[in-house]
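All chains, please: the whole structure from these sequences, using the hints.
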Amino acid sequence: MTVLAVLQSTTGYFEKRKIESARLNAEHLLAHTLGKKRIELYLEFERELTEAELAPLRDLVRRRGQGEPLQHLLGTVEFCGRTFRCDKRALIPRPETEELVELLIAELGKLKAELRVLDVGTGSGVIALSLAAAFPEATVHAVDVCAEALTLARENAALVGLSDRVDFQQSDLLIAVTQVYDLIVANLPYVAERDRATLAREVRHDPESALFGGVQGEEIIRRLITTAPPHLASGGLLALEIGIGQSAALAAFLAAEGYVDISARQDCVGVTRFLLARYG
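Take the sequence shown: its position 187, counted from the start at 1, is 187 in this note's numbering, and no numbers get skipped.
It is worth saying that the hints were derived from the structure and are not from the lab. You may find that some hints are simply not true.
[Claimed, not checked] Simulated restraints on C-beta separations:
1) Thr-83 with Ala-106: 18 to 26 angstroms
2) Leu-199 with Ala-147: 19 to 27 angstroms
3) Pro-229 with Arg-196: 26 to 34 angstroms
4) Thr-178 with Ala-249: 27 to 35 angstroms
5) Val-215 with Thr-2: 31 to 39 angstroms
6) Val-215 with Gln-266: 38 to 46 angstroms
7) Glu-44 with Gln-170: 25 to 33 angstroms
8) Glu-148 with Thr-83: 15 to 23 angstroms
9) Glu-148 with Pro-229: 26 to 34 angstroms
10) Tyr-42 with Thr-83: 19 to 27 angstroms
11) Asp-172 with Ala-252: 23 to 31 angstroms
12) Gly-35 with Glu-96: 28 to 36 angstroms
[Stated by the list, open to error] Below are the DSBU-like pairs computed for lysine-lysine, each with C-alpha atoms no more than 30 angstroms apart in a straight line:
13) Lys-88 with Lys-36
14) Lys-18 with Lys-88
15) Lys-36 with Lys-18
16) Lys-18 with Lys-37
17) Lys-37 with Lys-88
18) Lys-16 with Lys-37
C-beta: ideal position from N, C-alpha, C; glycine also.
Structure representation (structure tokens):
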């Protein structure tokens, strides 16, 4: 089979299995198998593929058709212009989390460069590492309760050359944290247990501890809101990524806990996805 024929047949296979962006998925997997950039495939449409090239592709296509995430199959994910390792040890970074980072860069760019930043529930480390790259003078710390996720985060720090910029520590939220920060950012689990059955096949491959925030979905976020004030500098910013429909209740809870300048921000598809608030 030629490159083009393989792409066409794989695309059809994915479409039957309701894989979104079927052609793009096919191109990524074939390029990964051949060790090429995706754009290079367009220069080789008529090239005949050998059985040695097709065999590993078949396994990847089968697994993708069963709902295994593309990022896990590739072993990487693109985030804020950088390539990071991605596997089952942590949540796959989502496009809306890139929007959170971009929002914070715009927000904090108005302030001093020597920021003190804490990323809570860092997972693969992409938020902390992206902020460290954006603010070279900043002190950036990151915590996570999961040791495996922290190992992945440290691997990513080495991969993008920022191992000396971000300090990773194991902690259940802020229990092991002793310092004070200008920014505390968190993309914590926010899916309600009752919504488990509604999750897409791909999402179910993420660690459960990174997905489910309790019966209502907000419990872990509320714990952070309650415990963050002693670790925020005067006027310090708490930035949260939240689930659909959670903004009103969490904004009210922030106000009840003494936060000010509370604002809800939408993502690119119009979902209220982020909450920003200051303390002191």
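Worksheet item: Is it true that the CA of Lys-37 sits at most 30 angstroms from the CA of Lys-88?
Response: holds (24 angstroms)
Worksheet item: Honestly, do Pro-229 and Arg-196 meet the 26 to 34 angstroms range at C-beta?
Response: The hinted range 26 to 34 angstroms holds for Pro-229 and Arg-196, with Cβ atoms some 32 angstroms apart.
Worksheet item: Would the pair Lys-16 and Lys-37 pass a check requiring their Cα atoms to be no farther apart than 30 angstroms?
Response: Since the Cα atoms of Lys-16 and Lys-37 sit roughly 26 angstroms apart, the hinted pair holds (cutoff 30 angstroms).
Worksheet item: Within 30 angstroms, alpha carbon to alpha carbon, are Lys-18 and Lys-88?
Response: holds (22 angstroms)
Discussion item. 38 to 46 angstroms was suggested as the range; check whether the CB atoms of Val-215 and Gln-266 agree with it.
Written reply: violated (26 angstroms)
Fill in: Range hint compliance [Cβ, Glu-148 to Pro-229, 26 to 34 angstroms]
holds (30 angstroms)
Worksheet item: In this structure, is the beta-carbon distance linking Asp-172 and Ala-252 contained in 23 to 31 angstroms?
Response: holds (25 angstroms)
Item to complete: State, for the Cβ atoms of Glu-148 and Thr-83, whether the hinted interval 15 to 23 angstroms holds or is violated.
Response: holds (20 angstroms)
Item to complete: Note whether the CB distance of Thr-83 and Ala-106 lies within 18 to 26 angstroms or breaks it.
Response: Once the Cβ atoms are compared, 23 angstroms apart, the range 18 to 26 angstroms for Ala-106 and Thr-83 holds.
Worksheet item: Has the hinted range 19 to 27 angstroms been met by the Cβ atoms of Leu-199 and Ala-147?
Response: holds (25 angstroms)
Fill in: Consistency of beta-carbon spacing, Thr-2 to Val-215, with hint 31 to 39 angstroms
violated (53 angstroms)
Worksheet item: Given the proposed pairing of Lys-88 with Lys-36, does the C-alpha separation stay at or below 30 angstroms?
Response: Given that 30 angstroms is the threshold and the Cα spacing comes to 24 angstroms, the pair holds.
The structure fails hints 5, 6, 7 (numbered hints given earlier, in ascending order).
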